[in-house]
Amino acid sequence: MGFLEFLAQYWPRLLSGTWVTILIFACSAVLSIALSMIAGLCKLAPTPLLRAVAVCYVELFRGTSLLVQLYWIFFVLPLFGLTIEKFTAGCLAIGLNIGAYGAELVKGAVLAVPRGQWEAALAINMAPAQRMRRVILPQALVIALPAWGNLLIELLKATALVSLISVSDVMFEAKQINGQTFLSAQVFGAALVIYYILARCLLTPGMRSLEKRMRSKLGSA
Amino acid sequence: MFKWDWDFTWQILPRLIHATGNTLIAALSGYAIAMVLGLALALVQRGNATVLRWLIRELIEFIRSTPLLVQVFFVFYVAPQFGVRLSPWVSGMLAIGLHYACYLSEVYRGGIEGVAHGQWEAATALNMSTKQTYVRIVIPQAIPLCIPGMGNYLVGIFKDTPMLSVIGVAELMHTANAIGTENYRFLEPYTSVGVIFLAISLPSAGLVNLLERYLRHRLGT
Numbered sequence: 001m002g003f004l005e006f007l008a009q010y011w012p013r014l015l016s017g018t019w020v021t022i023l024i025f026a027c028s029a030v031l032s033i034a035l036s037m038i039a040g041l042c043k044l045a046p047t048p049l050l051r052a053v054a055v056c057y058v059e060l061f062r063g064t065s066l067l068v069q070l071y072w073i074f075f076v077l078p079l080f081g082l083t084i085e086k087f088t089a090g091c092l093a094i095g096l097n098i099g100a101y102g103a104e105l106v107k108g109a110v111l112a113v114p115r116g117q118w119e120a121a122l123a124i125n126m127a128p129a130q131r132m133r134r135v136i137l138p139q140a141l142v143i144a145l146p147a148w149g150n151l152l153i154e155l156l157k158a159t160a161l162v163s164l165i166s167v168s169d170v171m172f173e174a175k176q177i178n179g180q181t182f183l184s185a186q187v188f189g190a191a192l193v194i195y196y197i198l199a200r201c202l203l204t205p206g207m208r209s210l211e212k213r214m215r216s217k218l219g220s221a
Numbered sequence: 001m002f003k004w005d006w007d008f009t010w011q012i013l014p015r016l017i018h019a020t021g022n023t024l025i026a027a028l029s030g031y032a033i034a035m036v037l038g039l040a041l042a043l044v045q046r047g048n049a050t051v052l053r054w055l056i057r058e059l060i061e062f063i064r065s066t067p068l069l070v071q072v073f074f075v076f077y078v079a080p081q082f083g084v085r086l087s088p089w090v091s092g093m094l095a096i097g098l099h100y101a102c103y104l105s106e107v108y109r110g111g112i113e114g115v116a117h118g119q120w121e122a123a124t125a126l127n128m129s130t131k132q133t134y135v136r137i138v139i140p141q142a143i144p145l146c147i148p149g150m151g152n153y154l155v156g157i158f159k160d161t162p163m164l165s166v167i168g169v170a171e172l173m174h175t176a177n178a179i180g181t182e183n184y185r186f187l188e189p190y191t192s193v194g195v196i197f198l199a200i201s202l203p204s205a206g207l208v209n210l211l212e213r214y215l216r217h218r219l220g221t
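Order-wise, the sequence lines are chains A and B. Numbering-wise, the first sequence is residues 1 to 221 according to our numbering. Numbering-wise, the second sequence is residues 1 to 221 according to our numbering.
In case anyone wonders, no lab produced these hints; they're calculated from the structure. Positions of the beta carbon are idealized from the N, C-alpha and C atoms, including for glycine. Be a bit skeptical, because a hint or two may be false.
Calculated cross-link-like contacts (lysine-lysine; reagent style DSBU-like; alpha-carbon spacing at most 35 angstroms) [as the list claims (entries may be wrong)]:
| no. | chain 1 | residue 1 | chain 2 | residue 2 |
| --- | --- | --- | --- | --- |
| 1 | B | K3 | B | K159 |
| 2 | B | K3 | A | K86 |
| 3 | A | K86 | B | K159 |
Ranges between beta-carbon positions, derived for each pair [stated by the list, open to error]:
| no. | chain 1 | residue 1 | chain 2 | residue 2 | range |
| --- | --- | --- | --- | --- | --- |
| 4 | B | L210 | A | R115 | 23 to 33 angstroms |
| 5 | A | R115 | B | V51 | 43 to 53 angstroms |
| 6 | B | V36 | A | L15 | 32 to 42 angstroms |
| 7 | A | A45 | B | R85 | 48 to 58 angstroms |
Construct all of the structure, not just a fragment, from the sequences and the given hints.
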């Protein structure tokens, strides 16, 4: 069976899988951005306890595999009476994992904001929270955006793992179709192309234009 | 409430340690493939063949923006369609080696481009051939620049080996799954796998950091 013939027959399933992939991507992206902000700022906090918690979180999730974390959340947490639905478990594992990597980016970006900005905010008597929110974070965001573009591609790639806990994403559909038809080259080829299109034609240009917009908003374009 | 069973943990530990050996073998041999292949990819990208350069560039982008899991399935299921029978081990090594070769080629490229331009000119002035220049002048200076990136990807490849469990490579995750289904206990095997990963990847990441600092000190930057 040719590739086009194959697509003509199976595109509805691949498309529905793609939607699930996009949904998981969106949910875990929101979660990981929130977590990385919290953890990144905690790593810079003056309180040793907050710093220690953030360091533990980051090292724990960067030091083990996403697959191990996913299985742990999905198979082990229920034993403690915490049953999580598979879609949520997938988003949670990916969000926690990528959030740990993102925390380092947030920390690095905040530290990269020029010293003078901190001092100027202090000079006009801004409270620390106000200074962070109105002066430092907006600039740190612009500094961090290019690295976040790469991290979001990693996140998109990570979503393929949720197929292993049978969330019906595009990878899961591909495996099912492969199991029924043995058209491996077509089906896995199609899956690869779908991921490539999502990453190269949607994610990368989107992040580029966001970078441009943010830079022009800050007047540093 | 589920209780942690220490007896069971001790009982399964030998099997897990044996599987850890397999994981390390998988990671190291995958990395060996990636190192060699990555160098070839990096050198082609610096060559004169424009079409080839463009093709390799696109291939690297493609492999870097699609999930390793899909690539593992692709290699494992598609190669037999072309009459090549690959064992899970071989196809796993090939997939992970190719994936990381693309990442390493970027590291190499960065390292080679980091060598000061004057070195090339000096080599030309001394009438060295291109090959001589690479082997005797450029690559020895590029290696220290590449070490940190290479170290990070070595830890990365180690953390990605659990993905090979899906095609039946008997590494750590695969063994933990087997133990879990044999005994209907997932808490101890999965948690132990997480601990083993932490115990290996945290010290190695620390070592990479130390090495990076040492090299920076030695290079005087």
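Okay, the hints, checked on the actual structure:
1. In summary, the hint linking B/K3 to B/K159 is supported, as the alpha carbons are separated by about 28 angstroms, within the 35 angstroms threshold.
2. Distance restraint check for B/K3 and A/K86: the Cα-Cα separation of roughly 24 angstroms lies within the 35 angstroms cut-off, and the hinted pair is therefore satisfied.
3. For the hint linking A/K86 to B/K159, the alpha-carbon distance of about 23 angstroms falls within 35 angstroms, and the restraint holds.
4. A C-beta distance of roughly 28 angstroms is found between B/L210 and A/R115, which places it inside the suggested range of 23 to 33 angstroms.
5. Judged by the Cβ atoms, the range 43 to 53 angstroms given for A/R115 and B/V51 holds: they are separated by roughly 49 angstroms.
6. About 39 angstroms separates the C-beta atoms of B/V36 and A/L15, a value consistent with the hinted range of 32 to 42 angstroms.
7. Judged by the Cβ atoms, the range 48 to 58 angstroms given for A/A45 and B/R85 holds: they are separated by roughly 56 angstroms.
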